[in-house]
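Protein chains in written order, with the working numbering: chain A, 1 to 279; chain B, 1001 to 1279; chain C, 2001 to 2264; chain D, 3001 to 3264.
Treat the hints as calculated values from the structure; they're not laboratory data. Each hint should be verified, as a subset may be incorrect.
[As the list claims (entries may be wrong)] Mimicking DSSO-like on lysine-lysine, the simulated pairs with C-alpha atoms at most 30 Å apart in a straight line are:
{"id": "1", "chain 1": "D", "residue 1": "3203", "chain 2": "A", "residue 2": "133"}
{"id": "2", "chain 1": "C", "residue 1": "2068", "chain 2": "B", "residue 2": "1068"}
{"id": "3", "chain 1": "D", "residue 1": "3133", "chain 2": "A", "residue 2": "133"}
{"id": "4", "chain 1": "A", "residue 1": "68", "chain 2": "D", "residue 2": "3133"}
{"id": "5", "chain 1": "D", "residue 1": "3133", "chain 2": "D", "residue 2": "3224"}
Computed from a prediction, not measured in an experiment: that's the story for all the values here.
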Amino acid sequence: MATIVTLADGVAELVRDGDTVAMEGFTHLIPFAAGHEVIRQRRRDLTLVRMTPDVIYDQLIGAGCARKLVFSWGGNPGVGSLHRFRDAVSAGWPVPLEIEEHSHAGMANRYVAGASGLPFAVLRGYVGTDLVKATSNIRPITCPFTGEVLTAVPALRPDVAIIHAQRADRDGNVQMWGIVGVQKEAVLASTRSLVTVEEIVDELPPQPGAVVLPTWAVTRVALAPGGSHPSYSHGFSIRDNDYYVSWDAISRDRETFTRWLDTEVFRAPAAAGGPEVMA
Amino acid sequence: MATIVTLADGVAELVRDGDTVAMEGFTHLIPFAAGHEVIRQRRRDLTLVRMTPDVIYDQLIGAGCARKLVFSWGGNPGVGSLHRFRDAVSAGWPVPLEIEEHSHAGMANRYVAGASGLPFAVLRGYVGTDLVKATSNIRPITCPFTGEVLTAVPALRPDVAIIHAQRADRDGNVQMWGIVGVQKEAVLASTRSLVTVEEIVDELPPQPGAVVLPTWAVTRVALAPGGSHPSYSHGFSIRDNDYYVSWDAISRDRETFTRWLDTEVFRAPAAAGGPEVMA
Amino acid sequence: MTVVTRVGVDDVAWTADEMMTVAAARALRDGQACFVGIGIPSTAANLARRTHAPRLVLVYESGTLGAKPRTLPLSIGDGVLAETADAVVSVPEVFNYWLQPGRVDVGFLGAAQIDRYANINTTLIGDDYRHPKVRLPGAGGAPEIAASCPEVIVVVRQSTRTFVERVDFVTSVGHGSGPGDRARMGLRGAGPIMVITDLGILKPDPQTCVLTLSHVHPGVSVDKVRAATGWDLAVAADLAVTTPPTDTELAVLRELEATKGRTP
Amino acid sequence: MTVVTRVGVDDVAWTADEMMTVAAARALRDGQACFVGIGIPSTAANLARRTHAPRLVLVYESGTLGAKPRTLPLSIGDGVLAETADAVVSVPEVFNYWLQPGRVDVGFLGAAQIDRYANINTTLIGDDYRHPKVRLPGAGGAPEIAASCPEVIVVVRQSTRTFVERVDFVTSVGHGSGPGDRARMGLRGAGPIMVITDLGILKPDPQTCVLTLSHVHPGVSVDKVRAATGWDLAVAADLAVTTPPTDTELAVLRELEATKGRTP
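Okay, chain A solo, but in the shape it has when bound (with noise of 0.2 Å):
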């Protein structure tokens, strides 16, 4: 069952250095507080998963946050590049990051094998790419009944998966709609999980469209109002465009990009979620 804690709590006891990390939200409920959060309590070593690494990936990356990162498109939607991302590729700034890289398709269905409990997942997928040469952890698959050859890719299972939703009810079952991502998969397919939300209801409304995730499949929910900004929470929050524009001056220069790490971050609160917020 799901106990609700601060943000902080539920960081500093979930996410820990050197874990295998999966922040998702597809444009959509992008848990950029709780990426914040990691930032401030200084996690080192991770392995940070994500299909779309957009800017909440580029901060952590800036921060130092990771190690390796495994993706399918990384980039600021809509704007350009990631600085951050792109200086610690090439230049190993401010430390050397790996990378592992997918199409959307395969990470997608990596998520899948591992909320399935299945060490791989099959598509058609990747034949033919550069991909194949590039990632080491992309084989080839023959169907026993037809003989024909496949892709395979192995199960995503990361320490920690971090989300965010609209609402989760006082037992910790957490709402989600709008567009919903790979966030169930990533949540079924890791160890532990943390979800923060918007607010905190009595009980849940029924709502169109929407994914439930019953408290028994998560580990923590953090209330963070606004903690999807600059992307939104459907129903809640619209998309802040002025940051992720922004974000590319912002993020060119390793000197800008340390100003602001240390006004917005490290000298900045946890968004919201402190005990008396959740009472």
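The hints should help you fit chains B, C and D onto chain A, whose structure is shown.
Chains B, C and D in isolation, oriented as in the chain A frame:
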């Protein structure tokens, strides 16, 4: 794009002698009206696929429509055995019935593979059971990363899927909710599909828990209010348990059954869906 | 089965099925997730939820996670299960994301035949698959429940017809042909930890995996259980008598049975 | 890219990007389902839906099937896509149930580099994977769109930097190394049937699969296209000039662009 037709026309167009036909609905939303129409149109040599062949398949088998049954659990739920199924298997009445037997997990994954355009699915299943000896298409598969041996089952690719849903709009988009079973997968795995619905509306109102099949993934939609009776359509009808109980006596005897077939199916009109009702 | 066994004082009375259901309910711990089939398992799980295990999570193979039915369902796919569930998922999802990874702590299974290693047959009676003496419903979700649930509890009425030396068809693997067999097959759950019958409770011997009588229900003799078993039944050194159903258990159970299939 | 190409009469004017977007929109047929990425593909698909293809089904990899955005989305996961979609599914589902079986008729792709066989690179520039000259975003959904959509249309601005003899990294397979290669690889879609640029339209030669100039946009010379191509570009015998954007197309396109990212 799905077009809206009468049930009689839909069955006449989509279901052909010798076809592999999947009628799905897991206790809920069982397409009885469509099944009766298949009997009325005297289809023959069908390979019937269904996870839980219950009363509707007992009726189709007893009416001589099937030459083969692919399934994972065959019974009259909460009541007992399927007498027409037993009679066909053991005495070949009215025609011999070949069977291909799986587990639920195997059947569900076979539909998933079909829906996904893959030739097979992988699961942890069947190992150590006599199903492996009884059924030819269950094979071991080795994980190319860990060396672990798992089980593969081939994709299901029926010629036609038939399901019942609560609603469609006039464009042929289909909406169902409550226990949604394996119907989406059955439709997506099949070459053609027929969906009977409780009502056809101008616009599908958002509905918690709803699965929507877009019109471009469906072949034909037919109006058949009450078309899931004696099973139920969540929000429209409740299960007619007396029917299930009384089926035991009706089906036990060939003559009683033949009389029932004549009165309740052959002499009954298509449940609904005449053009006038569709307006 | 409506034989009433009168035990001790005259005003205490319950049927053997009631004792079996109560014993099955007691085997469930609060907070566990339980994969429930229709019939006695569903009744027992709902009884447990109304007595000592209010936070028991009921998972039905129809895809209802955390169903809290107000009335006893007639089938695993009753509307009351969907209406009261924490989440309703597709059938592929319930098997792949929930059962297969071992997320559902306990699986409840029935049996048409069960052997000394708790292997289960629900497929057919007879020795020819193509021409069975009796054709049974088949596997359903049982093989993978037996494979993947961390623990399995079997609930079945005891007779020599059911408790056989060797099942005619292994539908669901218990302990295979003995110690170490599950591990060799790659089955990740512990398999059947308990078989609860209308006469008593059997548990696999920790050394041999052979089902051994650990409890007799009140008023049932060991000889009676032995006579209802198709192999030479061993009896545990510390054989106990099952605690009789309490007044509360019986009252709640009977109230529950009366709601069966009723519209809530 | 805001260069205005003035063509013919003085009052007709559009940018090269507008011509490219209009040409891309025209390539979509009514009733098709189209896998849409953000940027020009999304603009073109939305333009098509507002002009000649009102029943075009827009599928975004975020899982929105049949999105009908009232404003141009800023990302593939904007709320307006979910709100207006026929169905919102999970990301694994959009790839497994919808893209992989070939249910989405047309895939729209961009490119950082594209070669004569329409193989696409969106991963990196340079010849050392571990130490690239320029690191690009990577694959995203493109490899499987290129593999599984029955048809692929590439939309990309044309220059020798982009149209190269050989891509530095094959992120998504076009026609591989020539005729028959897709079939040998087991790729089930037809691959790129058209590359639409700001200068013209290229199509794979039916015999050789080599991209060949089939259209030049109004006011663009063949020499200009050749000069923007990193290989010796062949020209189709029946080379045509693209029909200029109509007033309606331009008006709708500009109105659409003005809505970008606006709350509807």
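Is the straight-line distance between the alpha-carbon of residue 3133 of chain D and that of residue 133 of chain A 30 Å or less?
Measuring from Cα to Cα gives roughly 18 Å; hence the hint holds.
Are the Cα positions of residue 68 of chain A and residue 3133 of chain D separated by 30 Å at most?
holds (20 Å)
Decide if the proposed pair is consistent with the structure: residue 2068 of chain C and residue 1068 of chain B, CA atoms, cutoff 30 Å inclusive.
Status violated; Cα separation ~38 Å.
Between residue 3133 of chain D and residue 3224 of chain D, is the straight-line Cα distance small enough, at 30 Å or below?
Measuring from Cα to Cα gives roughly 28 Å; hence the hint holds.
Take the C-alpha atoms of residue 3203 of chain D and residue 133 of chain A, compute the straight-line distance between them, and say whether it is at most 30 Å.
holds (29 Å)
Figure legend: structure checked against the earlier numbered hints; the only hint not met is number 2.
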